[in-house]
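Visitor: Go by the hints and put chain B onto chain A.
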Amino acid sequence: MWTFGRKIAIGFAVSFVLLLGIGGVAYRSIDALTKTSYLVTHTHIVLERVAALVSQLKDAETGQRGFVLTGDEAYLEPYQTANGAIAKLLKDLRELTADNPSQQKRLDAAEPLVAAKLAELKKTIELRRQAGLEAAIKFIQTGEGKKSMDDLRRLAEQMELEERDLLKQRADEVEAAAGGARSTIVLGTLFCLVFVSGAGFFLTRSLTAQIAAAVRHVQLSSTELQSAANQQAAGARESATSMTEITTTISELLATSRQIAESAQRVSGVAEQTATAARSGDGTMRLANDSILGIRQQVDLVVNHMLELGKKSQQIGAVLDIVSELAEQTNILAINATIEATGAGDAGKRFGVVADEIRKLADRVAGSTKEVRTLIDDVRGAVNTTVMATETGSKAVDAGSRQFGEVATAFRQIAGLVATTTEAAREIELSTKQQSTAVEQVNLAISNTAQATRETEASSGQTLQTASQLAGLSKELLRLVQPQGAG
Amino acid sequence: MNDASRTAAQLRQDFDGSFAEAPHGEREAREDFLAIRLAGDAHAVRLADVACLLPLTSLTRLPSPVSELIGIIGFRGAIVPAYDLGALLGYAAQDPPRWLMIAAARPAALAFGAFEGHLRLARGAGAPQPGTEPARRHVRDVLRTPEGVRPVVSIESVLETIETIVQQGFD
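Taken in order, these protein sequences are the chains called A and B. With this note's numbering, the residue at position 408 of the first sequence is 408, and numbering never jumps. With this note's numbering, the residue at position 127 of the second sequence is 127, and numbering never jumps.
For the record, the hints were derived by calculation from the structure and aren't laboratory data. Treat the hints with care, since some could be wrong.
[As the list claims (entries may be wrong)] Where chain B lies over chain A, by a calculated footprint (3+ residues, C-beta under 8 Å): (1) 331–339; (2) 347–361.
[Unchecked claim] A short, non-exhaustive set of chain A residues, derived as facing chain B with CB atoms under 10 Å: (3) LEU203; (4) ARG364; (5) GLU371.
[Unchecked claim] Anything over 12 Å on all C-beta distances counts as not near chain A; from chain B, calculated: (6) ALA8; (7) GLN10; (8) ASP14; (9) ARG30; (10) LEU47; (11) ALA51; (12) PRO55; (13) LEU59; (14) SER64; (15) VAL80; (16) TYR91; (17) PRO96; (18) ILE102; (19) GLY117; (20) ARG140; (21) ASP141.
A virtual CB, placed ideally from N, CA and C, is assigned to each residue, including glycine.
Bound-form chain B, shown alone:
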């Protein structure tokens, strides 16, 4: 039996066994994160702050005094403004973003470069890491994962910044 066959058997066993196990949420408290990359830097976003994750396939660009506003998209029958999350965090212009996340708090889409996966960590895995520089301005804590430390971007803080920028831009 080769490795692939063993893997398939393991998958089958895990899949079959999953029906017998208790749900994770009942066993222990866990928190979900989205692992993303902004200008090559690894970041994380709390899944609870996100309403939807979708690939950036169609974007209608608009002329705007707000440079972080890259356009608008149609989402579930509504027009949602899309902002460049990297620009909001102070990164210089990079390659065109390929992913969008819809903020859960208000209808706003945040575009980012790369989606690396879903992380489910024990609640409280994030450690406080406040910062003042632009890249750290919206980071409230960090995640310690086997691959390394990953700053957690506060969507709420980003939305506040967007609101401020928008008001300043239209004033």
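Only chain A is shown next, with the shape it has when bound in the complex:
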């Protein structure tokens, strides 16, 4: 399919070619007319030169006649003027008719005649001066001069006649050239008019359809662009709002990062102090561990002593069992002795008293034995409790020792971890400072982006406005190209 520009270009090209043809024909006709006009002028110049030559010859003859008649030298002035001019006229005529052989021939014939005439005039003048009037008239009467003059007049008339013929011929040529030019211009103009009208009609029709389609497309596109611009504007507004929120958040983040950096710096200081305290605590823990080991040894001694005390208490208990058994048996024996004494009647009364005392003593021994057993049991219970407590204490000391060892290990680990923590805190401090810098850069970038978003929003508004204007323009354009279809 031909494009809009190609159609217009071809239409203009054809019109240009036609105009160029018409112009060429006109130019050629004008050129021919100009050349013919030059030739006519040339012919007129030749005619004027021929007439001037005849006139100069007449002036020279007039001056000769006047001098001959009067003898006054003053009458020779025309002769002298003509004598100088004739040669130049002949020369001009020779040059002007250089392209005309017939005229050159006539000039060839005229030049001897002119020379003869001038010689006759000169001779007459000399005769007048030297021989007087009579001699001069006599010489004139020979008719030699008249004959030359008549020949010259005839040649001049022939030359003039030929030039007149040339004038007529050139006038005919001018007429023919002008007629051809007129016909060419008129017909060419009419043809151009018809072609331009047809081309204009077809171009208008074709271009109107194309422009209308394009304008509809532009209208549709402008509508879509309007919608897109609306969406873009809405998105840009949302982006601007989001950017504002992000800027606020980034500012808060920046403040938080600075606080974190300060906190990390404080943490680093505290970690260093903690590392020092942990190292000091490790030494203290070593001393405490040594003390605990000493305590443990003492507790072991106490446990051994208490176990020994428990064994002794058991031995005391065994001895007390014997004493108790003896007391019980004594009691039984005393009771039985009492029975026997009672059975012995009066003789046994005194024995009964002793037996009763023995029984009382056995009761008291039994009571004391019970008390001792109670005390022994208490001692054994206390010993057992003490042993258990001491063993518990020993275990607690062992556990404490282990825990102290673990605590010491933990302290060393703490010292190591604190060193690591210090290093980490420094790294955190450095990283947080870098993060703060990065956040500042991000904040700056976000600010720029927010500015860009606002500009985008403004640009979207302008785009929307432009799209609206474009829609209106396309509608207007469609109304211009298709009034009936621009509803």
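Guide: Leaving out everything else, chain B in the frame of chain A:
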């Protein structure tokens, strides 16, 4: 001086002083009892009814139609039958008895669970307390002691019951 030292001193003083005092029997009339326990119940037996008190260390058990007869023991060169005093008083079978008393009236040993001591009370401290139920059948009176009331088992009545049971068993 602690309590034990004071007690020892008191004992020494009492012991030394006892040689200077008059015998109890001459000062006032008193009666001796043995404080025992049967199936956890506190009882008393008149010392006058007992010939000997001894721990039950060796007992030869015998098959017998009399369930209260738990065996025989050797006592001062004689074979003496041993009866369960708790069973005779109607208590159900309890832990094996650990003590024996030899009756003064005839050669018979009565086994009981626990011996709590010797009581010497003023004569007449026992109050009449007759009963018909098995546990009270051989109780003629009771003792009022600072620890509480303690029934006094009549050995004579118990011996009569033993004799009756034995005769019924061998008849």
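Visitor: Indicate, hint by hint, whether the structure satisfies it.
Guide: Hint by hint, here is what the structure shows:
| no. | hint | result |
| --- | --- | --- |
| 1 | 331–339 | holds (count 7) |
| 2 | 347–361 | holds (count 8) |
| 3 | LEU203 | violated, 143 Å |
| 4 | ARG364 | holds, 6 Å |
| 5 | GLU371 | holds, 8 Å |
| 6 | ALA8 | violated, 9 Å |
| 7 | GLN10 | violated, 10 Å |
| 8 | ASP14 | violated, 9 Å |
| 9 | ARG30 | violated, 10 Å |
| 10 | LEU47 | violated, 6 Å |
| 11 | ALA51 | violated, 6 Å |
| 12 | PRO55 | violated, 7 Å |
| 13 | LEU59 | holds, 17 Å |
| 14 | SER64 | holds, 28 Å |
| 15 | VAL80 | holds, 15 Å |
| 16 | TYR91 | holds, 24 Å |
| 17 | PRO96 | holds, 18 Å |
| 18 | ILE102 | violated, 9 Å |
| 19 | GLY117 | violated, 7 Å |
| 20 | ARG140 | holds, 20 Å |
| 21 | ASP141 | holds, 19 Å |
Taken one by one, the earlier hints fail for this structure at numbers 3, 6, 7, 8, 9, 10, 11, 12, 18 and 19, listed in ascending order.
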